[in-house]
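Enquirer: Residue strings, one per chain:
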Amino acid sequence: MKASDLTVSRTIGGTPEAVYDAWLDRDGPGSLFFGSKRVILNLEVGGLFYLLVDHEGREWAHYGRFDRLERGKTLEHTWMSEPTQGLESVVTATFAPVDGGTEVTLHHANVPDTGLGRGHKEGWAGCLDELAKRVEGATA
Amino acid sequence: MPALDHVLTALSDPTRRAIVERLSRGPARVTTVAEPFDMSLVAVSKHVRVLERAGLVRRARRGREHTLTLDARPLRRVAQWTWRYEQFWNARLDRLEGLFSKKGRRS
Chain R
1 MKASDLTVSR TIGGTPEAVY DAWLDRDGPG SLFFGSKRVI LNLEVGGLFY
51 LLVDHEGREW AHYGRFDRLE RGKTLEHTWM SEPTQGLESV VTATFAPVDG
101 GTEVTLHHAN VPDTGLGRGH KEGWAGCLDE LAKRVEGATA
Chain E
1001 MPALDHVLTA LSDPTRRAIV ERLSRGPARV TTVAEPFDMS LVAVSKHVRV
1051 LERAGLVRRA RRGREHTLTL DARPLRRVAQ WTWRYEQFWN ARLDRLEGLF
1101 SKKGRRS
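Protein chains in written order, with this note's numbering: chain R, 1 to 140; chain E, 1001 to 1107.
Okay, chain R solo, but in the shape it has when bound:
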């Protein structure tokens, strides 16, 4: 299966340790887990997590294992959900001190590169339907 990766980054006004703590504070609003319907969390290297997220009118389960928990520096965990189609994708977050705070960089690797409309008999029609629903839902 063809896999792809993506990177997003942001500078946040706080020390690397404070930003790292907020990202992992399960009940805090800045957290990776915040807003999940159900969270099971064992925050240690080799520990597992489960998140149930409500999105687009249905529930999506996410599972992962923490591989690196280096406070204020690096967080690495696996990430498995329906869209990863059985592949263990890997999320690496780095926290680097910069002017004005901390640069957080999230690198998500090994994400299957499957288009919703790829291979669809009607060409792009199915994809467009899906998009239309999303866009209309978002603006409704």
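For the record, the hints were derived by calculation from the structure and aren't laboratory data.
There's no promise every hint is true.
[Claimed, not checked] Heads up, simulated DSS-like pairs for lysine-lysine below, C-alpha to C-alpha not over 30 Å straight-line:
| no. | chain 1 | residue 1 | chain 2 | residue 2 |
| --- | --- | --- | --- | --- |
| 1 | R | LYS37 | R | LYS73 |
| 2 | R | LYS73 | E | LYS1102 |
| 3 | E | LYS1102 | R | LYS37 |
Dock chain E against chain R, hints included.
Expert: Just chain E now, with coordinates in the frame of chain R:
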């Protein structure tokens, strides 16, 4: 690559989605594309320009004849899970950023 916001805005309108669907069957002249719509050629041209800005449609000019071609690349990117995850992680970083900017204002 045009901003994805432009792509989503372009596709948020039923007339523009119909134009994209028509062009997914092959290139066509502006006048042909405009035929099924109960609106002026000028109004249809405005919709086409929004699609051009989003990078979804390309226009080739031969004399007075303008031919439109669909470029599905921005569409394909929107449909990929990698892009959905980009949105997902950005939304979470927005909240983290918001938390710290609130803290900053208080102190």
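Enquirer: Against the structure shown, which of the earlier numbered hints fail to hold, in ascending order?
Expert: none
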